[in-house]
Every structure is written in C-alpha cells, then in structure tokens.
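Each chain, written out:
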Amino acid sequence: MSKELCMVLLVLTMAIITYLIRLLPMLVFRKKIKNQFINSLLYYLPYAVLSAMTFPFILYSSGHLVSAIIGTAVALTASFCKRSLVTVAILACLAVLGAELVIV
Amino acid sequence: MTNALTYKKGIKDGLPICFGYFAVSFAFGVSVVGQGLPALIAVLMSATNLTSAGQFAGAKVIIEASVLVGFGTFLQIILTQLVINARYFLMSITLAQKLDSKWTLLDRLLCSFGITDEIFAVAVSNKSPVNRKYMFGLILTPFIGWTLGTLCGAYAGDILPDIITESLTIALYAMFIAIIIPAGIQDKRVFVVIAISVALSCAFYFIPFLNGVAEGIAYIICALVASVIGAIFFPVKQKEALDE
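First to last, the sequence lines map onto chains S and H.
Position 19 of the first sequence, counting from 1, maps to 19 under this note's numbering, and the rest follow consecutively.
Position 41 of the second sequence, counting from 1, maps to 41 under this note's numbering, and the rest follow consecutively.
Only chain S is shown next, with the shape it has when bound in the complex:
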C-alpha cells in the first residue's frame, strides 16, 4: 500500500467515525424527550461546551499572551454590545494583529 493511499484511508476513517457520532443521535432520538432534567441539561449544554472550549485556550491562540488578552477583551466587549458573529470575529482578529504589530 502506497503512503498516499494509506493517508487517504486514514482520512476517510476519521470522516466515517466523525459522521457516525453526529448521525446516531439524529436517528435514535427522534421522539421528543419529556424528562425535565434531561431537557434542562440539553438546554445548558451547548453554551457550557462552547465556554469550556474557549477558555482558557483563547489566551494562547496568538503568538503572545498580551495580544491574545487584548483580542479576548475586544471580543468580550463587542459581544456585550451584541455585535454579530462575524463582526466580533473580525474585530478580535484586527485587535490581535494591531497588538502584535506593536509588540514585535
């Protein structure tokens, strides 16, 4: 088996596993869940997942801690002002870029 073919097979293996993780609940949990605890859990879960994925990792997302902190502060401020997803993302990138230009 050539090296490239092997890489393709590994990539497809990843794709299949990832797809099955996403697909199974869509097929299994078709009826509405009535349990209040489960529903509350599912209501909070998305926000909890995103929070845990963002902090503290955002602080190490750029080359320097200082520029990342500035970018994070800008993202938080823009979000508190209810800016759209894309606006917040662009402002944070520009803030990091500006800070990096000053530091380096």
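Hints may be right or wrong, so weigh each one.
[What the hints assert, rightly or not] Derived lysine-lysine pairs resembling DSS-like cross-links, with alpha carbons at most 30 Å apart:
no. : chain 1 : residue 1 : chain 2 : residue 2
1   : S       : K82       : H       : K188
2   : S       : K31       : H       : K98
3   : H       : K102      : S       : K31
4   : H       : K188      : H       : K9
5   : S       : K32       : H       : K102
6   : H       : K127      : S       : K82
7   : S       : K31       : H       : K60
8   : S       : K32       : H       : K8
9   : S       : K32       : H       : K127
10  : H       : K133      : S       : K31
To be clear, the hints were calculated from the coordinates, so they are not data collected in a lab.
This one's a predicted model, so the numbers in the text were calculated from it and none came from an experiment.
Start from chain S and add chain H according to the hints.
Relative to chain S, chain H alone:
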C-alpha cells in the same frame, strides 16, 4: 432571529460561520502542510470531516505515523476522533429535539454531516423548530468556507507572514464568545452555567494532575458538570426550553 426559517435565512446565518471557518481552516492548511502533510490530503480531510479540533489531532497522528502505518495507527485515529468529537453526540441529541415534523430519513442522513459547534449553536439559538431547508442553507456556506480555506492555506500559506495567520486563529474563539455572551445576557441562568464551565476548564488547564486529562475529554467533563449543576439548581420548564 424572528424571521421564518427559510433556505435563504439559513444561507445568511451561515455566512459569518463561513468567514470564521475560512480563517481557521486557512490556519489549519498552513499548519499541517508546514508539518509535512500533502496539500491534497489536507483538503480532502476538510471536505470529508468538517471539524476543527478533530482534524488538527488527526493530522498530527497521520504526520507522525507517515513512516510506518499499521493497524495501530488506525486504532489511534479512531480513538482520537471518538474522544475529541464526542461532543457532537450531545449536540446531535439536542438538535434532534428541535427539528420540525417534516424531516425525512434522507434529510437526517445529509444534515448530520454538517453538525459542528457553530452550526449547531446557531441552529438551536432560533426560537422556532428547525426547518430542513434552513438547515441545508446553514450548512452550505460554512462547508464551502472550511474547504476553500484549507485549499488556500495549503497552497498559498507561505505567501502570508506568520503575524497574519497568528491573528486569524482567534477568529473561531471570538465567534464562540459572540454566541455565549448574548445568551448569558438574555438568561442569567445560562450565565451561571457558563461561569462554572469556564472555571472548571481553567482548573483542568492550570492545576497539575488535572491538566494531564486530554483536552477533548476535559471539555466534555466541564460542560457536563456545569450543565448538570444548571439542570439541578435552575431546571428549565418544557415550554421555555422549546421557545429559547
């Protein structure tokens, strides 16, 4: 987000995700090709996987194993994906509860491919049940952005200086913040859950011994514990959960 959930609305809601994905997958392309992964393999990975953390981890396994690939490498890549992408399982359960009655089996088979953190978060943040056409629109542009970004990063990454690619990395995290903060302002209970989750995540990152736990597992533990605390102390009424 009070408009009807049409295909067009899906495309529109998907655009910011598309731009964010372009930036992040551009960084992905630059990074993995720089480490020795063939550009076409990187593009194939983005087009078939559509996931961030899982791809970074998977690419790492492939790059390190490229000399000697055996059964062990396949096992390693399967386990990596299971652990890192387990969160999609939970998101998929939540999303399955919000679909309207018109979803066919084929719709479920197709849309499942596109359940990512951001697409999921935007889809469930709508007040009304999720319509299938809306979901197709919401998945389409991010998918294009993610694949195209990898392509550009893989082939043209060298042109851009490091400082640009480094500044792009924050884009996805900034989008996460833009999703959780407004939700927290609207519902104080969500804010408490967010705070708990962040505190736990920081504990897993900074406290010795705890920081030995793999990132993909740590996310899930933090999110589950925070959500269980939320569900116990601030239960959400049935109707409320559907409305929000």
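(request) Any hints from earlier that this structure breaks? Give me their numbers in increasing order, please. (result) 7
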